[in-house]
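J.: Given these sequences and hints, build the entire structure.
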Amino acid sequence: MELKAFKYASNYIIQSQEEEIKRIALELHEGISQNLYSLSTGMEFLQSAMEDPALKQYANEMTELMKRTIQEVRLLSVELYPTTIDTLGLISAIKSYIKLFTSSFGIVVDLQTTGREMEISEGKSLAIFRSCQEALINIAKYADTSDAKLTILWGLNTLTIHIEDEGKGFELEEENSRNSFKGIAAMKQRMTNVGGECMLHSEIGRGTKVTLQLPVQD
Amino acid sequence: MECNRYEQEKMELNELFLLDCSELRENLSCDFTGVALQQQIGIDVNWPFVCGNRNEKYKHLLVRYGKGIAGKVIASGSPMTINSFPENILGKTTDYPIMIAEKLISAYAVPLFWEGKPKGALLIGYRSKHNFTTEEINTVRDGAKKVEALLPSYFCSN
Ligand SMILES: Nc1ncnc2c1ncn2[C@@H]1O[C@H](COP(=O)(O)OP(=O)(O)O)[C@@H](O)[C@H]1O
Ligand SMILES: [Mg+2]
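Protein chains in written order, with this note's numbering: chain Y, 87 to 304; chain H, 6 to 163.
All the pointers check out, no bait thrown in.
Simulated DEER-style distance windows between Cβ atoms:
no.	chain 1	residue 1	chain 2	residue 2	range
1	Y	Phe92	H	Gln45	55 to 61 Å
2	H	Glu92	Y	Thr173	40 to 46 Å
3	H	Arg146	Y	Phe92	53 to 59 Å
4	H	Arg146	Y	Ser124	40 to 46 Å
5	H	Asn136	Y	Tyr98	44 to 50 Å
6	H	Leu18	Y	Thr173	43 to 49 Å
7	H	Ser133	Y	Ile290	22 to 28 Å
8	H	Lys15	Y	Gln275	49 to 55 Å
9	H	Ser133	Y	Met285	34 to 40 Å
10	H	Glu92	Y	Ala271	24 to 30 Å
11	Y	Lys268	H	Ser133	23 to 29 Å
12	H	Glu31	Y	Glu105	53 to 59 Å
13	H	Asn136	Y	Ser178	46 to 52 Å
Rough simulated footprint, nothing fancy, chain Y against chain H, three-plus residues with beta-carbon under 8 Å:
no.	stretch
14	58-69
15	91-105
Just so you know, these hints were derived from the structure itself, not from any lab.
Just so you know, these numbers come straight off a predicted model, no measurement behind them.
Backbone N, C-alpha and C define an ideal beta-carbon position, used for all residues, glycine too.
T.: If you want it as structure tokens, here you go:
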């Protein structure tokens, strides 16, 4: 396939997949979650009117299961898609993902932001967000460390993001030759598709640093 | 039931949980033991008591209902075994935070009941492949009974 056609196709695949994921996440977040919430409130109301202690206890258990389900649906939707990325912005989406990440993997992320957040298109925000997600999950899976650092720098014309760890590190060449670079390749492809770049640096015993760069205008 | 507890008693209770964990680890010579438990207030489940941990990650972990080994054990109320993580698991590897955080390859977990409902899980794990014997399983079940005996005090103290 021609390079241009290939780029077009990969862009299209990513986009349609993202749209589908977004649809499901929104349905979970706005449709199902809201309904469950109403059910749970209704249940508590019914429970308060019950007199039989056994029934009351049973209703209580149901309320608890309902609350758990609401929590799980909410987490699932955060995991799937940052539904607030276009309203609250990239940083807010990254922040709520980091919370979920720490509670999922026990890794504490030191987040630092400098400069003023600029408005960028949803497609660009999403490419950054997905790349951060991939880099963080790689840290959880392979770096063998309890800490990570995420730095966001809003420059005049460029947005730069570093995702770093001081963990195991790895041999770039070796992994490359084993063709086991799927996640990293996808990250690079996503960044290129939106006119940005993704760079990787790793050293055995010292850690890994992923750098994302994206041109932005005020 | 009398629900007043002092800090002193709470600390003693924590030590009793930890003692059960370390006793079990010694008896089975396993690498890791941990108690996942619903918090006294609210519905969140995490890992308040562990033994043999290789880092502090467990402190931040939230057990998700129906996910991972502890989440599944609590949701179903029945035991679960993993012999060689991440082979043949249900769901993604990242659904098993305690296995990843503690680099466990095999684990066995049983539910912990309070007032007839599963409120937590007791887990033992190895950092190598392991086939759990009936004897080991019985030892864990006895351990779970000891931990369950502490739950009335745990859920009444706050
Ligand atoms: N932060 C990191 N620390 C150590 N090794 C890493 C890190 N990120 C990636 N790797 C190594 O690079 C390989 C490729 O990563 P990736 O392309 O994301 O694929 P996958 O996550 O599907 O294995 C991993 O299998 C791992 O060996
Ligand atoms: Mg990856």
